[in-house]
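Guided by the hints, dock chains B, C and D onto chain A, whose structure is given.
Protein chains in written order, with the numbering used here: chain A, 492 to 790; chain B, 13 to 214; chain C, 513 to 1261; chain D, 19 to 204.
Any given hint could turn out to be false.
Simulated crosslink set (DSS-like; lysine-lysine; CA at most 27 angstroms straight-line) [as the list claims (entries may be wrong)]: (1) K602/C with K632/C; (2) K868/C with K143/D; (3) K929/C with K74/D; (4) K65/B with K602/C; (5) K157/D with K868/C; (6) K157/D with K533/C; (7) K879/C with K143/D; (8) K889/C with K157/D; (9) K898/C with K1020/C; (10) K74/D with K928/C; (11) K879/C with K132/D; (12) K1035/C with K1020/C; (13) K889/C with K733/C; (14) K828/C with K1192/C; (15) K1186/C with K1220/C; (16) K74/D with K828/C; (17) K156/D with K143/D; (18) K868/C with K164/D; (19) K901/C with K132/D; (20) K978/C with K929/C; (21) K65/B with K1190/C; (22) K770/C with K755/C; (23) K137/D with K829/C; (24) K868/C with K829/C.
Since the hints were made in silico from the structure, they are not lab data. Remember, it's a predicted structure, so these values are computed and weren't measured experimentally.
This is what each chain is made of:
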Amino acid sequence: MKKYLFLSIASLFLASAAFAADSQIWDAMRIQNIYGYGQVESLGLGPLFTMLQANYFAQIFLAVLIGVPAVFLLHYLVIGPKVFSHDGKKIYAFSIFNRIVHQVAAISFIVLIPTGFIMTFGSYFGGGEFVRMMKDLHGIATISFGIVVIPMFLMWIKDMLPNFDDIKWMMIVGGYLSKEKKPVPAGKFNAGQKSWYWIATLGGMVMILTGATMYFLDFDIEMVRSMTGLSQIDLLRVAAILHAFFGMLVVALFFTHVYMAVFAIKGAIHSIITGYKEEEEVEILHSSWYKKLKKEGKI
Amino acid sequence: MSNNEMARMKFYCDDQRCIECNGCSVACAEAHELPTGVSRRKVITLNEGVEGKEFSTSVACMHCTDAPCEQVCPVDCFYIREDGIVLHDKDVCIGCGYCLYACPFGAPQFPRDGAFGTKGAMDKCTMCAGGPLETNSAHERELYGQNRIAEGKVPMCAAMCSTKALIVGSADEVAKIYRTRIAAKGKGVQSAPYGWSKAYSN
Amino acid sequence: MANTWGYGAMTNSLGDIQNAKAIIIFGANPAVNHPVGFGHFLKAKERNNAQIIVVDPRYTKTAAKADIFAQIRPGTDIPFMYGMLNIIFKNGWEDKKFIKDRVYGIEDIRKEAAKWTPEKVADVTGVSAEKLMQITRVYAKSTPGTLIWAMGLTQHTIGSSNTRMAPILQLCLGNMGVEGGGTNILRGHDNVQGATDMCCLSHTLPGYYGLSAGSWKYFAKSWGVDYEWLAGRFKDKKMMSAKGFTLAKWYSGVLAGKPGEDKIHNAGTNLKALFVMGNGITSIAQQAKVKEALDNLELIVLADPFVNEAAILTDKKDDVFLLPAATQFETSGSVTATNRSAQWRYQVVEPMYESKPDHEIMFEFAKRLGFYDEYTKGMLIRENKKTFKFPEDATDEIARIIKTIGLTGWTSKRLKKHTDNWHMFDEVSLRGTGPMKGEYYGLPWPCWTESHSGSPVLYNINRSVKEGGMGFRNRFGLEHDGQNLLAGKGSAPKGSSNKDGYAEITAKNIESVLGIKLSAAEKKKIGKNWKVDTSNIIAEKCMEAGIAPYGNAKARAKVWTFPDQIPMHREPLHSPRQDLAKKYPSYKDKANHYRVDTKYISKQTEKDWSKEFPINLVTGRLVNLNGAGMENRASKYLAELTPEMFCDIHPGLAANHGIRNGDMMWVHSPEGTKIKVKAKFSYSVSEDRVFLPMHFAGHFQGEDLSHKYPEGTKPYAVGESANTVTNYGYDIVTQIPETKGGLCRIEKA
Amino acid sequence: MTSTTQNALSTKVGRRSFLKMAAVAGAFGATSAFASSGVTRAATEDEVKNPFPGSKNVRTICTACSVGCGITAEVQNGVWVRQEVAQDHPVSLGGHCCKGADMIDMVRSEVRLKYPMVKEGGQWKRISWDTAYERISKKLDSLRKKDGPDSTIFLGSAKMSTEQAYYFRKFAAFYGTNNIDHQARI
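Bound conformation, chain A alone (with noise of 0.2 angstroms):
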């Protein structure tokens, strides 16, 4: 009896499969503030970010959170950092607006980061007030990140376009991993700090606007909407997707990024403190720079 009965069932579950395919069910307005919910031609992309979010997301986070801090404490002890004589001329480098842009970013980075990995691993935190708080702060951080982010990717453009130099810098990861001090082709930022431009700006932006599209859910962006033809919540799932894979990025590379002002490069971050760099680091580290301005006297 039961055993008929477990496949008569059976036997409907398999129907059913060919009736979600059908994807009736998957028609209209489901919801009433998320318009255009499944329609027939979405991309169905719920089992992928299901499959994602419930699999891999938190993981690679961790990894990200535990593994490049992990490579640099190698690298430190094992290359440790490159040291500079602070005591020569100095190069002015980073103008007052540079600076406090960068600064405004900084901290909007400060706060993000944490926050967002506190979101990623909610349950440690037993979710809730706290967990919905820093959510909540995180939407506030993105809004200064806002604001700067923009002045920063165009005060910074001309030196960031990609060149020669970035190939040569790449192929010796920008010397990092010898102890010499040899002159690394590199302008007046080098391969590294490109990319981390290109990411914490561009995909800072795509950051933005996929989290305000999580953050707000039935955010009115109907110009999206009919520009990639995507229903709302496919939306949603592309810019939840989008929103992680970035924040990967970003985080790997700010943790670089730190890692080299703070630790691999003594003393390097004061130059955006004061605007001055060591002589003797961009004479090594950005050496196409230097002599730039070797060449148009500037030094």
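The following block gives chains B, C and D in isolation, referenced to the frame of chain A:
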């Protein structure tokens, strides 16, 4: 599929009977005194006005066996009762919306009551089983609505369905009713309970 | 319908529909208007394999569940049914014995039906000949078949013909008086049947007694007042017997005398005061006229649990009173469902805020107008009491007086008992079990005596009268044109002492028809006839003999008192088919039609309406609202389902006018009025018609009247009233407005 | 499953994992009674906890359409606290459309007319019942004397009880006019 799975509580809406009277959705909203804009249950009509193709069905949380919402929730606010009812803890929920992205039925609802116009804690069909607070306490009723299951009563939507299209109960019993109806018609299987097996079969 | 066989009510019950093998639905949308009732239809379909046939101008939610759907042009139901009869007669599918024994005047129908060949029907109705034949075959072959209708048949100038046509179809197929058959009108509001039985109507007294002096005398006596005194309350005895204004056209009573308005005959005065209780008069046709009438009244009193939107519509500045009436849950009383079953509606809570139940308001006014004692005396008579208890004593007063529809058995005690024990009744047959054995749920009238079972299926001769059996009512005399109008031999209800047809029972014929002898005491007490026999001796004796007090006659297919003796097709006043309007013209204009001179042919031929207004206009209900929608729009959950007034329009038609889904659009009527509504694309309407839901108010011809609501009383949804653009046109007999077959013109707003 | 969920299950669900399914059978009408299966068992008396102690169920009838669906109103201390399911009603079997499911809202709607009002000079003004009665009956009386009883029309309702409808008709009769009608004529 284990036998255990059949002893789960399930919804089934018979689209041969559903006439989009919205009795279920209003009964639900009324029973749980939901804010407007939140519909735990919604009736949808497809191909409206197209002769021979129009049909309606009532959708809410299907209390999936492999509940995707439970899988993706970053704060693990979901819990699945022994009888298969998928519930969540509003005090833990942070209103991130991930459950909504994962859900194939659009069940999770977000009232606009958070700060800065954001969505508050998620709200969804509880199969009238309340939440993790003290059973039938005023607090539970305020957050999750009635706990009719604890009172030994049928969930409101199915009980008030005008044509008895929407039925609820343990899966094998609902399947029995479903088969009885199909048999009465003598027309063989036309469609079957959807959403009962894995939400995303892979 | 009452003119066909005696009573104008649903003949069977909703549960009984589960017995049907075929269900044909004309101009009704039970899936939307009576969802719970429609559940029984679906069960018939599921368990009985009953074929559901829907004939409607729109592909409704009901049609979505139908086996066959015919999209008919509004106002052409008569040709459609004649077309069916044409095929039925041609194939000999009619029930010949039934017709012979129980129907009068089918020959004329046969002649008329012969004219309506399927091809001709196709031209007039827009339904193909093949479909008509398919429907006819399925319906005629699957017996018993039940025929359902609602406002889609009645709201036409020929509504009263429509409602005769449907019974004729059923009579020809022998579908009357059987389980699973019948003509089942689905009433609109919860107590339309009850309120109609009590005749809140301008042409008759409670129980359909009419307005003749004899009726007034019977009521005066039963109310315990002097007839002359009562007559003195009226202007004169002529006005006492003159039908009053109707809800449909009362506005003419105010506006008469103005240029272009219809003339009235109202005892030399216009209407000056309007007293409304629980009537959303924003849902009646000709809103612009209604507004003008409201503006011109001297006094408006509106008693309702919510703000009656008449108060919002009018620009009148003074003497508009809003009285907070209690809802029906804050009082108690009986309510009659569509199948003539009464239920006791118990009081749930005390009236909220300062609201008062309707009867308290009436009693107080009676006191202040000086007729309270006479007015309430009827409640004291039965038990010779000093004080009364409302509503129980009123129920008993009704039971004491109303014999015509057999309410004698409806005492408050019995009705309460039924509601208290509703779990003891069967869903399909309504039969009681246990202590309720031998009674049908709600004692569907006629319930002849205090021990009668109620009559769940009217005109069923397969049951004894005691158990709800009966033939057709003897209401139209004993013969016509030399033909006997009584039922044929052997067609009396089961167990009857008289096996043939017989006349209605009077004190004179009771002994001969029943074959009994009355005692002297009985002879002294007995009333003149069964309708006025308050002693109830006639009914009691009839039960014993198995005789229906109202006689056993033939139903008549021919009503010789009507403008059309048999139903004839006449085009709506505003017809999109001018060629047919010439061929099937409307009636002559009718003078003093419920006190108003009403236009028919002169309106129809005024001009070629279809040139300027090419689109058919259909109105109807939505599932979440009812009537004028006041109380439902005041619920946030219901208002949320349809927050705005809209117009269902076919995307093709919309494209012709450059209207996109969700755009605002104007709908213009031939009356020169217009409304601004949101376009909602829908394939449920064809490209030559639009559909408007009728429940909205609060906007008028594009103007938002929200500011006119008293603070805190505005419902959650407001919008244009569809009835601002419904066309002129009233039924020739009942004066029901023609809201289902008008014309309009649309444009993008 | 993470610890949080397990925690929630063990502490909160254990106590609540009972069901009384007897009522379900009624909801499905003619279908077979629900057999007990695995997790669903009848709840014991003390497990079934009424959230509204001391409440009473009142049988009444829906006021929406003419089907006449049964309504079970749960009343606690004179307050209609909950609309229950009238599963044993012979016509509706507990079913309701959206209007019927929301009957309780008709009573407790916030936008109800709360007190008598009159429009004076285009403005709404709150008045007492007594004032309303007085002013209306005076006006009716004078109109009746001046223009005759036929100058008034009474529009009644299909939403009234039968008794009220009867008394409304009777009111017009005693007032002296046949100008009375209701929604049957729509």
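A quick look at each hint next to the structure:
no. : hint                 : in the structure
1   : K602/C with K632/C   : holds (15 angstroms)
2   : K868/C with K143/D   : holds (19 angstroms)
3   : K929/C with K74/D    : holds (18 angstroms)
4   : K65/B with K602/C    : violated (35 angstroms)
5   : K157/D with K868/C   : holds (21 angstroms)
6   : K157/D with K533/C   : violated (58 angstroms)
7   : K879/C with K143/D   : holds (25 angstroms)
8   : K889/C with K157/D   : holds (26 angstroms)
9   : K898/C with K1020/C  : violated (36 angstroms)
10  : K74/D with K928/C    : holds (17 angstroms)
11  : K879/C with K132/D   : holds (24 angstroms)
12  : K1035/C with K1020/C : holds (10 angstroms)
13  : K889/C with K733/C   : holds (11 angstroms)
14  : K828/C with K1192/C  : violated (34 angstroms)
15  : K1186/C with K1220/C : holds (20 angstroms)
16  : K74/D with K828/C    : violated (46 angstroms)
17  : K156/D with K143/D   : holds (19 angstroms)
18  : K868/C with K164/D   : violated (30 angstroms)
19  : K901/C with K132/D   : holds (26 angstroms)
20  : K978/C with K929/C   : holds (20 angstroms)
21  : K65/B with K1190/C   : holds (25 angstroms)
22  : K770/C with K755/C   : holds (23 angstroms)
23  : K137/D with K829/C   : holds (6 angstroms)
24  : K868/C with K829/C   : holds (25 angstroms)
Checked against the numbered hints listed earlier, the structure breaks hints 4, 6, 9, 14, 16, 18; every other hint is satisfied.
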